[in-house]
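Visitor: Sequence:
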Amino acid sequence: MNERNLTLLTDLYELTMMQGYFKDMDANETVIFDACFRSNPGGSGYSVCAGLQQVIEYISNLHFAPDDIDYLRSTGLFAEDFLDYLKHFHFSGDIYAIPEGSVVFPRESLVKVIAPIMEAQLIETALLNIINHQSLIATKAARVVYAAQGDGVMEFGLRRAQGPDAGIYGARAAMIGGCIGTSNVLCGKMFDVPVKGTHAHSWIMSFPDELTAFRTYARLYPNACILLVDTYDTLNSGIPNAIKVFTEMRKAGIPLTFYGIRLDSGDLAYLSKKAKKMLDTAGFSDAVISASNDLDETLISSLKLQGATINSWGVGTNLITSKDCPSFGGVYKLAAILDKKSGTFIPKIKLSENAEKITNPGNKTIRRIYNKDTGKIIADLICLTEEEYDTSHSLLLFDPVETWKKTHLAPGSYTMREMMVPVFLKGECVYQSPKVMDIRAYCQKELDTLWDESRRLEFPHRVHVDLSNDLWHMRNQLLDSYHFS
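Everything in the sequence shown is counted per the numbering used here, starting at 1 for the first residue and increasing by one.
Heads up, a few of these hints could be off.
[Claimed, not checked] Mimicking DSSO-like on lysine-lysine, the simulated pairs with C-alpha atoms at most 27 angstroms apart in a straight line are: (1) 333 <-> 357; (2) 350 <-> 405; (3) 273 <-> 196; (4) 350 <-> 376; (5) 274 <-> 196; (6) 274 <-> 244; (7) 445 <-> 376; (8) 196 <-> 435.
[Said to hold, decoys possible] With beta-carbon atoms standing in for the labels, derived distance ranges: (9) 392 <-> 357: 22 to 30 angstroms; (10) 422 <-> 186: 30 to 38 angstroms; (11) 223 <-> 88: 53 to 61 angstroms; (12) 305 <-> 258: 21 to 29 angstroms; (13) 298 <-> 266: 13 to 21 angstroms; (14) 482 <-> 387: 20 to 28 angstroms; (15) 293 <-> 392: 16 to 24 angstroms; (16) 451 <-> 84: 24 to 32 angstroms; (17) 357 <-> 83: 34 to 42 angstroms; (18) 343 <-> 9: 45 to 53 angstroms; (19) 283 <-> 9: 54 to 62 angstroms; (20) 200 <-> 250: 24 to 32 angstroms; (21) 240 <-> 417: 52 to 60 angstroms; (22) 305 <-> 160: 39 to 47 angstroms.
Rather than coming from a laboratory, the hints here were simulated on the basis of the structure. C-beta atoms are modelled at their ideal positions from N, C-alpha and C, and glycine is treated no differently.
When you get a sec, could you build the whole thing from the sequences and use the hints?
Guide: Have a look at this one:
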């Protein structure tokens with residue numbers, strides 16, 4: 001797919017603010033913006049960040065084409081000198097980000113932009129659009145895969161996605177979150193991920209009878225013969241006919257390398273257990289029993305508890321739309337402005353009557369702290385970029401709100417990792433995005449660093465995101481500096 005120019009994929013006020021900064025060039029200061037999020041979607045104990053590759057493509061192709069300029073002129077909102085400036089516009093700043101597939105938590109920055117404010121302001125909308133959507137679906141997929149307890153999960157949601165892009169990039173994100181394949185052929189081509197699928201009820205209905213439909217399909221696809229058995233009568237017709245076909249294949253010497261049935265309706269727990277007995281009795285104990293039909297992590301978990309014998313899951317609508325929580329809620333907030341005289345960043349903070357909306361100021365990064373023996377996450381520490389840490393020294397962590405809650409880490413008992421990596425420096429991309437399947441493998445390792453208590457679907461343990469002592473004091477000094485009558 002050819003790269004699209006998404007420069008006008010922005011809210012109008014980004015452009016009107018840009019013009020305001022342009023008219024007062026002294027206002028076009030270098031700033032820091034943080035893209036972060038306030039809560040994990042769907043009651044999850046974690047999130048999975050995704051979409052960085054598309055952000056890179058967007059920034060790399062950022063320019064105002066002649067027809068863009070013509071359109072902006074037609075609105076009557078923009079002066080000719082500003083439009084002339086846009087003709088030569090390009091991104092010249094720095095971007096740091098947490099790599100795709102990483103486990104992330106609320107209040108920490110997924111992307112940090114350091115650039116002249118006109119540039120930083122323009123990219124806000126598209127950056128959030130990309131990161132919010134893919135992080136949402138990757139997180140949902142990770143939860144669904146966790147519920148499947150090692151069974152393969154296939155993403156089947158294209159026809160229910162909110163448009164082509166949501167289907168393509170949602171499937172990409174689902175692969176990052178742990179799915180083994182997608183039904184989306186274009187996604188498979190674009191990102192070199194496995195494509196998978198069976199057949200529809202219409203295939204069965206188009207033949208004179210079910211058995212003929214099964215035989216024809218088996219002849220066409222002997223190495224991937226998953227038969228949909230619920231078109232007419234699952235137990236009295238579908239499964240018996242599937243067994244007949246499998247028996248015929250075995251007698252003909254056709255290797256049964258990947259075969260089985262798919263259930264798409266009815267009581268999946270009951271039907272799968274009945275199907276398992278019938279297949280076992282017929283000598284097909286290794287047959288796949290696949291299921292679809294409005295599945296999500298909650299239903300899959302329930303079916304597991306009911307003893308369902310399903311070992312392959314096709315998840316569509318509820319995954320590709322994240323139906324129970326359809327938005328990620330990422331925000332993009334100003335954190336600092338460069339003082340031209342001193343060359344240092346002046347921290348900025350946004351106040352709110354809602355405590356969770358008060359931002360963290362300054363030029364920050366994120367250090368992840370692990371238990372040295374288990375490799376599990378102890379906490380994330382948001383700190384100022386100039387701060388240095390030595391794991392041979394003790395470390396005191398404290399809750400930034402309930403400060404009496406403290407954790408003391410003994411010297412040598414923990415390891416620490418810098419989470420943010422440079423992506424653009426002075427407008428040039430310095431980061432090579434891994435292939436999607438490599439990001440998927442990395443994500444699985446990331447998820448393994450979570451304690452089981454943080455991965456559970458209901459009432460997960462919250463991973464602590466703490467502020468360094470220096471950042472906490474900076475934040476509180478700024479809060480104290482505001483006085484209102």
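Visitor: All the hints need checking, so say for each whether the structure fits it.
Guide: Tested hints:
1. 333 <-> 357: holds (10 angstroms)
2. 350 <-> 405: holds (25 angstroms)
3. 273 <-> 196: holds (24 angstroms)
4. 350 <-> 376: Since the Cα atoms of residue 350 and residue 376 sit roughly 33 angstroms apart, the hinted pair is violated (cutoff 27 angstroms).
5. 274 <-> 196: Distance of about 26 angstroms is within 27 angstroms: holds.
6. 274 <-> 244: Holds: residue 274 and residue 244 sit about 17 angstroms apart, inside 27 angstroms.
7. 445 <-> 376: holds (11 angstroms)
8. 196 <-> 435: It holds: about 19 angstroms lies between the C-alpha atoms, which stays within 27 angstroms.
9. 392 <-> 357: 22 to 30 angstroms: Violated, at about 38 angstroms.
10. 422 <-> 186: 30 to 38 angstroms: holds (31 angstroms)
11. 223 <-> 88: 53 to 61 angstroms: holds (56 angstroms)
12. 305 <-> 258: 21 to 29 angstroms: Hint holds: Cβ distance 27 angstroms, inside 21 to 29 angstroms.
13. 298 <-> 266: 13 to 21 angstroms: holds (19 angstroms)
14. 482 <-> 387: 20 to 28 angstroms: holds (25 angstroms)
15. 293 <-> 392: 16 to 24 angstroms: The hinted range 16 to 24 angstroms is violated for residue 293 and residue 392, with Cβ atoms some 55 angstroms apart.
16. 451 <-> 84: 24 to 32 angstroms: violated (56 angstroms)
17. 357 <-> 83: 34 to 42 angstroms: holds (35 angstroms)
18. 343 <-> 9: 45 to 53 angstroms: Since the Cβ atoms of residue 343 and residue 9 sit about 34 angstroms apart, the hinted range of 45 to 53 angstroms is violated.
19. 283 <-> 9: 54 to 62 angstroms: Because 57 angstroms falls inside the window, the suggested range holds.
20. 200 <-> 250: 24 to 32 angstroms: Holds - the Cβ-Cβ distance for residue 200 and residue 250, about 26 angstroms, lies within 24 to 32 angstroms.
21. 240 <-> 417: 52 to 60 angstroms: Since the Cβ atoms of residue 240 and residue 417 sit about 56 angstroms apart, the hinted range of 52 to 60 angstroms holds.
22. 305 <-> 160: 39 to 47 angstroms: violated (26 angstroms)
Of the numbered hints given earlier, the model fails hints 4, 9, 15, 16, 18 and 22; all others are met.
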